[in-house]
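A.B. asks: Here's the letter readout for the chains.
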Amino acid sequence: MIRRRIGSVAVHLVVVVVAAAFFLPFLWMLLTAVKPAQDTFTYPPTWLPSTWRFENFLEAWRKAPFARFFLNSVVVVSSITSIQLVTASLAAYAFARLRFPGKHLLFMAYLSIMMVPSQVTLIPNFITLKHLGMLDTYWALIVPFAATGFGTFLIRQSFLSIPQELFDAATVDGAGHLRMLWQVCIPLAMPALVTFGLLTTMWNWNELFWPLIVTNSLEMRTMPLGLAVFTHSEQGTSWNLLMAGGIFTAMPIVLLFLAAQRYYVQGIARVGIKG
Amino acid sequence: MRASRLREAGVAFAFLLPSLVPLVVFTLYPLAYSGYLSLTEWNLLTPTKQFVGLENYARFAHDPALHRAILNTAVYAGAVVAGGMVAGLALALLLNRPLWLRPLWRGVFFVPTVVPLVVLSALWLSIYDPGFGLMNYALRSVGLPAGQWLSSPVSALWAIIIMMVWQTTGYNMVILLAGLQNIPEELYEAARIDGASWPRVFWRIILPMLSPTLLFLVIVSSIQAFRVFDPIFVMSHGTGGPANSTATLVFYLYRQAFMFFEAGYASAIAYLTVAIVLLFSAFQLWLARRWVFYD
Amino acid sequence: MFRRAMIVAVLFVILALLGGLMPAAAQRPPVTVTIWFPLPTGGPLKEAMDDLVRRFNLSRTDIRVNVELTGDYWQNYRKLQTAIVADAPPDAAMIELMQIPEFAEAGILLPLDELARQPDFNFDDVARALLGNSYWKGRLYAIPWQRSTTMLYYNIDALKEAGLPEFSPPSTWDELRRVAPRLVTRQGDQVLRFAIEGSFNHDWLFENLVYAYGGRVVSADGTRAEFNQPPAVAALTLLRDLARHDRVLNVNPNFPQIVDNFIAGRTVMIAHSSFALSLITERARFRWSVAPIPAVRRDPVLNAGGGNFVLFSKTPPERQRASWEFLKWVTAPANTAFYSMRSGFLPVRTSAMQDPQLQDHFRKFPMAKKSIELSLQYGRGRMVVQNVERGVRQFLLPALEAVLLGGADPLQSLNEAATRANAVLGAK
Numbered sequence: 001m002i003r004r005r006i007g008s009v010a011v012h013l014v015v016v017v018v019a020a021a022f023f024l025p026f027l028w029m030l031l032t033a034v035k036p037a038q039d040t041f042t043y044p045p046t047w048l049p050s051t052w053r054f055e056n057f058l059e060a061w062r063k064a065p066f067a068r069f070f071l072n073s074v075v076v077v078s079s080i081t082s083i084q085l086v087t088a089s090l091a092a093y094a095f096a097r098l099r100f101p102g103k104h105l106l107f108m109a110y111l112s113i114m115m116v117p118s119q120v121t122l123i124p125n126f127i128t129l130k131h132l133g134m135l136d137t138y139w140a141l142i143v144p145f146a147a148t149g150f151g152t153f154l155i156r157q158s159f160l161s162i163p164q165e166l167f168d169a170a171t172v173d174g175a176g177h178l179r180m181l182w183q184v185c186i187p188l189a190m191p192a193l194v195t196f197g198l199l200t201t202m203w204n205w206n207e208l209f210w211p212l213i214v215t216n217s218l219e220m221r222t223m224p225l226g227l228a229v230f231t232h233s234e235q236g237t238s239w240n241l242l243m244a245g246g247i248f249t250a251m252p253i254v255l256l257f258l259a260a261q262r263y264y265v266q267g268i269a270r271v272g273i274k275g
Numbered sequence: 001m002r003a004s005r006l007r008e009a010g011v012a013f014a015f016l017l018p019s020l021v022p023l024v025v026f027t028l029y030p031l032a033y034s035g036y037l038s039l040t041e042w043n044l045l046t047p048t049k050q051f052v053g054l055e056n057y058a059r060f061a062h063d064p065a066l067h068r069a070i071l072n073t074a075v076y077a078g079a080v081v082a083g084g085m086v087a088g089l090a091l092a093l094l095l096n097r098p099l100w101l102r103p104l105w106r107g108v109f110f111v112p113t114v115v116p117l118v119v120l121s122a123l124w125l126s127i128y129d130p131g132f133g134l135m136n137y138a139l140r141s142v143g144l145p146a147g148q149w150l151s152s153p154v155s156a157l158w159a160i161i162i163m164m165v166w167q168t169t170g171y172n173m174v175i176l177l178a179g180l181q182n183i184p185e186e187l188y189e190a191a192r193i194d195g196a197s198w199p200r201v202f203w204r205i206i207l208p209m210l211s212p213t214l215l216f217l218v219i220v221s222s223i224q225a226f227r228v229f230d231p232i233f234v235m236s237h238g239t240g241g242p243a244n245s246t247a248t249l250v251f252y253l254y255r256q257a258f259m260f261f262e263a264g265y266a267s268a269i270a271y272l273t274v275a276i277v278l279l280f281s282a283f284q285l286w287l288a289r290r291w292v293f294y295d
Numbered sequence: 001m002f003r004r005a006m007i008v009a010v011l012f013v014i015l016a017l018l019g020g021l022m023p024a025a026a027q028r029p030p031v032t033v034t035i036w037f038p039l040p041t042g043g044p045l046k047e048a049m050d051d052l053v054r055r056f057n058l059s060r061t062d063i064r065v066n067v068e069l070t071g072d073y074w075q076n077y078r079k080l081q082t083a084i085v086a087d088a089p090p091d092a093a094m095i096e097l098m099q100i101p102e103f104a105e106a107g108i109l110l111p112l113d114e115l116a117r118q119p120d121f122n123f124d125d126v127a128r129a130l131l132g133n134s135y136w137k138g139r140l141y142a143i144p145w146q147r148s149t150t151m152l153y154y155n156i157d158a159l160k161e162a163g164l165p166e167f168s169p170p171s172t173w174d175e176l177r178r179v180a181p182r183l184v185t186r187q188g189d190q191v192l193r194f195a196i197e198g199s200f201n202h203d204w205l206f207e208n209l210v211y212a213y214g215g216r217v218v219s220a221d222g223t224r225a226e227f228n229q230p231p232a233v234a235a236l237t238l239l240r241d242l243a244r245h246d247r248v249l250n251v252n253p254n255f256p257q258i259v260d261n262f263i264a265g266r267t268v269m270i271a272h273s274s275f276a277l278s279l280i281t282e283r284a285r286f287r288w289s290v291a292p293i294p295a296v297r298r299d300p301v302l303n304a305g306g307g308n309f310v311l312f313s314k315t316p317p318e319r320q321r322a323s324w325e326f327l328k329w330v331t332a333p334a335n336t337a338f339y340s341m342r343s344g345f346l347p348v349r350t351s352a353m354q355d356p357q358l359q360d361h362f363r364k365f366p367m368a369k370k371s372i373e374l375s376l377q378y379g380r381g382r383m384v385v386q387n388v389e390r391g392v393r394q395f396l397l398p399a400l401e402a403v404l405l406g407g408a409d410p411l412q413s414l415n416e417a418a419t420r421a422n423a424v425l426g427a428k
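Protein chains in written order, with our numbering: chain A, 1 to 275; chain B, 1 to 295; chain C, 1 to 428.
Only true hints are included.
Rough simulated footprint, nothing fancy, chain C against chain B, three-plus residues with beta-carbon under 8 Å: (1) 140-148; (2) 242-251; (3) 256-264.
Result set (BS3-like, lysine-lysine): computed pairs, CA atoms no more than 25 Å apart in a straight line: (4) C/46 / A/63; (5) C/314 / A/130; (6) C/369 / C/160.
Keep in mind the hints are simulated off the structure, nothing from the lab.
No residue lacks a Cβ here, since even glycine has one placed at the ideal position from N, Cα and C.
Generate the whole structure from the sequences, applying the supplied hints.
C.D. replies: Laid out in structure tokens, this is it:
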């Protein structure tokens, strides 16, 4: 009995130590962000700031147009997420509930979006957007992501598990497909929709590569791209401001994650186990 | 009867249209167009492209920088996948028990997966600073020699590998934890009755039961590893250096396409990357017959 | 009678209004031009440029200049290339010297011979020493603007402390090697203070040393790599030995950090740019001065650097003219003197040296005068290659990194790089 108790305490201790070690880089980041500049050039490095300089956040925010970057990211990410939820739900309904020729082939094509790596579509998409005159605009950042194979797949799974009786009842009420989608499918598939929404929000917020390729002007940069350029100019000279900038960039997603951790973990685990 | 079928197909088409159009324009068409581009030499500027057949592919053999990129990618993928799996499995085993505040620990390990890679890259740039960074300080305090990390061609890629193992561990842990919890209790019971020691339980029960999950992770992690870009770009300041030591395939592709404007060659490299990934996944799946256990 | 008076009054008012509105309508909206500047986002350079642009915008109602900051010279280069591919170039830009041939050859730049020959520009007054990299195939494509050379800054107090002649830093590399151990302080395996620090892994300083050894990075006609010839190999070997064997020289790829390290006393000397003068003047709390980069046997050499103004051939003529007006104004003697004063860059015009405010500045900061005189005396133009990024830097920079940061063999690395470079250079 005692042995099991001690074993349990020992395990807990190990977990705490490992977790603490794992978290150390983030602790460093948080503390460095509030240090005055000279603290970051001392050796041995100090953990606690000599004075707590919260003005760093303001200074970093102003040093690069982070307000603009933030706006861009918010606009782009919310647009993509809402558009994807709509297009994926519509497509998922078609694949789950409707019969039409070529359905299987078409579904394979949708899955192919997930498989085709972005490297291959990179240059042609750049050229397409150039011909449409959309380079360096919000369109270039949003439109290529309107369709989502993963979202369609996930939501279709959810729709497939809805009992037929509910649809029959709706048919008796005289519902057309659009109403069935809206009144039957969507409410029951909420967990899947929320999970997908959260995941795609995270993926698109964190995206660096695509904005790097299709934007050129300062005003169109998203947060990650803005931070990447900020890193280039501040690394080695203003670590404290750089860490502050990093905190801005990560904060929205981390907060979202903390609020909805359950959804993230379940969503990822569910995809994982499907294997 | 026919009319209603037709109507149903019509509705389906209408529902599919909003996603079909982007799919065709931004995924299927580019897939084909990329193939065409790989047979040309073009600088994205002139209106005419020069058709060169398979010359771009032949160039693979004579491009030492490409060979270096392939090597870098192989080393990176191997180390990150292996390291991440081992670490993820160790943590999953550790957390696979009733623990006080388990969601907290799970969250701590998982956060690096959620934070943008750019942010992590900036953070680790400061950690790896040879003069003032945490890494060298930690090493020196336990008597180990300090390193040049990102400043030396010998260690730069490994510096990035270490950071990425740290980043992927949480994701791997979550998946493996779910897999562990799917192992039926009866198997553990049977082992205990037989008096099996823990190592035997691990090798004879846990690993085989986890093998489908492990296979999944190997494939998914390697695909992710082959596509790595953000940390390379940020931590080498867009150079792939020092001395091209951190240039991976995707970075090399980006450089060819958007720094040297060699659209044809870059498209060929894109296909090469895809081919490598497919071959590797196919190889893993073939190998899986040997070691993956399905019940 | 009254009604007629009313009609006249109303007509009068209408006429008056039209009379007031017409000049306003006749006054055309100002032509707005966007100019790209690769300048840091804060500090004396940006402030000086902002000052000049503000004054220009106030002085004219028909032209408005919009400044866009584009990072460093090579970020600017990439951005410009992307903008050209996307058909959205700026109206004018400041680009690095070595980048001019590539854009000129592609027909992207507007030749400036005609405009410069006009009497109101006074082309003869432009400092001859600064025109080297502005021509391509006999035509003028760029007007010098923010020009600098490499420069050695040294800490007088630290030299004195080490028992060395305080006002004479090492003038040759041999001398530097001899005195360096007295300047370096260590703690265990860590060097706390270096004798000299610089971005020696960049082509700018490397070319400087190659010149000092009597060699070249690329042949004079730009078709053959010469950075694997004995002078260049000797230069790289020296740097390698100082950095990795003697450990007295710090190769720091981070350009801005080098000035920070100098100010903080983490290095006694820095091989940097003459434009850092204003920054160091502002921040240093010890006695310091400037000197030429150490020589080998002959005269010292200071490698030219910086940016020139270029105009683009595809810009609509109206904006081309407006951009040229700005160029003319900003390179006028008083204005280039002002910029030189605030930044440490060289004045573009010879007559600017006589500007009273600049003369006054020299009296207060003799270092500024000394720096300009050294630059003009020992300055040497950069390599002229049509394809400097893809033909030279693409191979040379990794080779320099491999040797200085990774310990590879200089001759072998440079030979490999030269073979690949010649394949590209020869092909064009």
